[in-house]
Amino acid sequence: MRLNHIIESQQFTLPTLVELFELTDRMEHTHARGGTQDYHNKIMASLFYEHSTRTRFSFESAMYRLGGNVLSTERANTFSSVAAGETLEDTIRVVGNYADVIVLRHNEVGGAQRAAAVSTIPVINAGDGKGGQHPTQALLDLYTIYKGVKTIEGVKVALVGNLTDGRTVRSLAYLLGKFDRVKLFFVAPSSFQIKQDILDYLTKHNVWFSLESDLKKVLPEVDVVYSTRIEPELLTQKGERLETISKYFIDDNILKLMPRSALLMHPLPRLHEISPSVDSDPRAAYFRQTRNGVLIRMALLVSVLG
Amino acid sequence: MRLNHIIESQQFTLPTLVELFELTDRMEHTHARGGTQDYHNKIMASLFYEHSTRTRFSFESAMYRLGGNVLSTERANTFSSVAAGETLEDTIRVVGNYADVIVLRHNEVGGAQRAAAVSTIPVINAGDGKGGQHPTQALLDLYTIYKGVKTIEGVKVALVGNLTDGRTVRSLAYLLGKFDRVKLFFVAPSSFQIKQDILDYLTKHNVWFSLESDLKKVLPEVDVVYSTRIEPELLTQKGERLETISKYFIDDNILKLMPRSALLMHPLPRLHEISPSVDSDPRAAYFRQTRNGVLIRMALLVSVLG
Amino acid sequence: MRLNHIIESQQFTLPTLVELFELTDRMEHTHARGGTQDYHNKIMASLFYEHSTRTRFSFESAMYRLGGNVLSTERANTFSSVAAGETLEDTIRVVGNYADVIVLRHNEVGGAQRAAAVSTIPVINAGDGKGGQHPTQALLDLYTIYKGVKTIEGVKVALVGNLTDGRTVRSLAYLLGKFDRVKLFFVAPSSFQIKQDILDYLTKHNVWFSLESDLKKVLPEVDVVYSTRIEPELLTQKGERLETISKYFIDDNILKLMPRSALLMHPLPRLHEISPSVDSDPRAAYFRQTRNGVLIRMALLVSVLG
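Chains as they are written, first to last, in our numbering: chain A, 1 to 306; chain B, 307 to 612; chain C, 613 to 918.
These are calculated hints, taken from the structure and not from any lab test.
You may find that some hints are simply not true.
[Claimed, not checked] If you only want the chain B side, here are some residues facing chain C, beta carbon under 8 angstroms, derived:
(1) 351
(2) 386
(3) 392
(4) 401
Glycine is no exception: its CB is placed at the ideal position from the N, C-alpha and C atoms.
Go ahead and model the full structure; you've got the sequences and the hints to work with.
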């Protein structure tokens with residue numbers, strides 16, 4: 001499989017996803033053998049316009065596991081000391097002469113698309129703007145479900161927390177909608193529910209979904225619980241009571257309601273959504289997600305570097 | 307060829323330049339083959355006292371193409387958490403025990419010279435202070451002319467923009483003056499013209515030059531146009547009218563005045579000096595310059611590392 | 613020898629120290645040969661919650677000399693762009709999926725211990741908090757004495773400067789106390805003397821020590837002078853006169869009082885404790901210390917990576 005740029009979740013068709021996950025499985029073997037030196041002549045540029053050490057480390061770890069080299073900045077907005085105001089496009093064209101692939105974290109929606117339009121080397125979107133895309137996060141989430149549940153077809157997933165603003169949840173719902181017989185439970189206070197555009201997409205593709213507010217009711221029925229943060233400051237802004245947040249908190253007691261083989265996922269950082277006492281339960285999959293993130297990114301780098 | 311420290315343009319004699327460019331040509335082949343692993347046991351320290359991600363990436367890309375490793379900081383002024391105020395000399399001696407070559411960006415004129423005086427390993431100046439030297443930029447500019455025009459002897463170059471303060475232009479004029487039958491056109495508003503010290507140097511070495519203010523008049527006659535920024539805030543400070551800047555702006559119409567085989571160069575970042583519509587013209591050489599920057603720096607690293 | 617985490621000086625028994633120094637001697641040969649590629653599949657994460665480029669570079673240089681790769685941040689407190697407030701424990705578990713060893717610089721005493729408690733990969737403490745531990749600094753100091761004096765047993769060491777707050781001096785005193793017939797001279801103004809807990813430890817282990825304030829008196833008697841900074845602002849805070857500082861300043865005249873084979877050490881950065889005119893004297897060992905720092909860290913990395 002050969003991909004060009006990795007810009008948004010929407011570019012992945014079902015066959016591409018299947019092929020990507022097969023490649024990711026092979027990366028797992030490469031990783032277990034301690035990596036390769038296949039890319040010892042390749043350079044990845046981490047071009048970050050905002051700090052996101054987690055995502056940066058994950059990509060750089062992937063590149064090192066492939067034997068490659070890394071140029072790295074989390075201050076791409078000060079790319080030159082001479083003058084501020086260089087366009088993203090010019091910076092991308094310059095970096096194209098320094099590296100073989102660009103991993104771009106931009107602060108504006110559409111930044112990755114603009115970069116890809118002018119780049120002479122592959123661009124991978126590592127997040128662009130608050131409402132923008134973060135496709136590699138969605139892919140690693142999907143891959144974690146695939147590895148944990150053994151299949152995606154027919155999987156029942158509860159998406160929990162702030163579903164209105166969370167790009168992670170929106171992208172994941174979008175990707176899950178591509179698979180047959182998936183059931184999605186959107187579990188959130190009413191003012192944090194998923195937006196209509198995603199529901200329209202799911203309806204159009206005949207995906208079963210249900211809007212819920214009671215987490216306890218949903219838990220026994222699902223294969224996967226995907227928890228995300230509800231920001232306390234947003235709660236009061238939207239006129240919800242602060243206690244509402246506790247209804248979505250997962251501790252040992254709540255965990256007991258989940259099937260024994262279910263997965264508890266979270267995009268991290270986890271603040272007050274999941275009790276650390278749950279971490280040692282085999283269902284807690286959030287740290288495994290970060291491991292899968294390295295594997296998915298290895299596969300994506302291989303796909304674009306050839 | 308074996309160099310010790312790379313501190314200033316003045317240290318390069320004509321034979322050294324010729325030898326350096328031959329080595330750079332060989333680096334182009336190395337680069338095309340995807341690099342080497344010749345320096346897999348070598349460490350380059352990027353010691354930057356100010357942010358300049360472009361220059362840093364260019365050097366680090368060069369070191370990776372040679373197979374080497376990189377220590378990197380753009381906050382060398384906080385070299386220790388214990389106390390501020392360590393001398394540059396002490397820092398350099400310490401880094402000499404961590405690396406095999408230091409690439410130094412310092413914020414004071416003469417910083418590179420001070421570093422070289424005490425360093426146990428080679429120091430390469432990556433810019434020292436506003437009025438200081440940035441020899442590798444001048445060398446990559448010269449190499450771009452050499453590759454684009456096929457020769458430097460007899461070349462006709464228009465240097466355009468803020469020639470008073472631009473260290474890039476001053477260093478390039480200095481290096482060009484070493485070659486036979488070169489003709490230099492300094493094109494700028496009168497309050498931004500090149501300083502007398504450069505003119506004295508050119509006169510002394512019998513280099514032909516001309517002071518101009520009308521870009522359109524000069525364009526048809528030259529092999530190379532080297533455009534640089536005139537800062538709008540300086541214009542008003544120096545009592546020039548803001549519209550003056552538009553007389554040095556290069557767009558498709560202005561480009562038509564240049565010979566078909568001429569080169570349009572710029573040290574970047576480009577803000578309002580050159581229209582992006584010009585980028586796809588084969589004469590636009592500014593992105594090629596950044597590629598040549600990696601090659602020149604590979605050659606310089608090889609020269610000092612042996 | 614196989615170590616797990618490197619957290620504090622106290623974990624090193626006398627036999628472990630001896631074994632570590634033998635391994636460090638072998639690293640010196642590896643280093644002299646230009647390093648190895650033994651760890652080309654290994655990744656070290658430099659996870660720094662505060663800036664300390666010197667320590668970071670030293671560890672990263674060690675990892676590169678072993679052929680390994682490095683993930684690096686000096687802004688670990690902004691590990692995620694999504695939200696502040698992730699626990700150290702969660703960050704450590706995540707990084708455990710990106711790397712094979714974590715070098716941690718934390719801003720709180722006990723940070724390294726907390727990290728080691730949850731980490732799935734080895735953690736090396738690169739300093740935790742003002743009053744905390746910095747065991748690799750103490751080890752490189754001890755190794756420098758071992759190499760310079762040829763033995764540690766029976767060595768006579770003057771520890772000079774701010775002994776109350778200096779964690780370097782406290783850790784070194786602790787480690788020296790493990791060896792037979794060592795004599796320690798604590799040389800400081802009375803309000804900067806070593807604390808009672810260290811003296812109790814030395815008494816318990818039958819280590820000879822003496823509290824002194826006159827540097828000139830002590831110098832002729834010792835094999836090693838370990839100088840540290842007395843912060844001028846602390847002097848006045850503690851009611852000492854500012855001139856006191858000059859009594860601990862070492863220049864050419866003071867140096868003459870030291871035996872010809874003695875060592876003058878300093879943890880660096882050196883500000884006003886030692887005159888630069890002394891640097892070229894063979895007794896000046898402070899830059900050699902930084903070289904030994906790389907060797908010790910190579911040995912420690914080998915010990916934990918296996």
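Review point. Which numbered hints turn out to be false for this structure?
Key: Failing hints: none at all.
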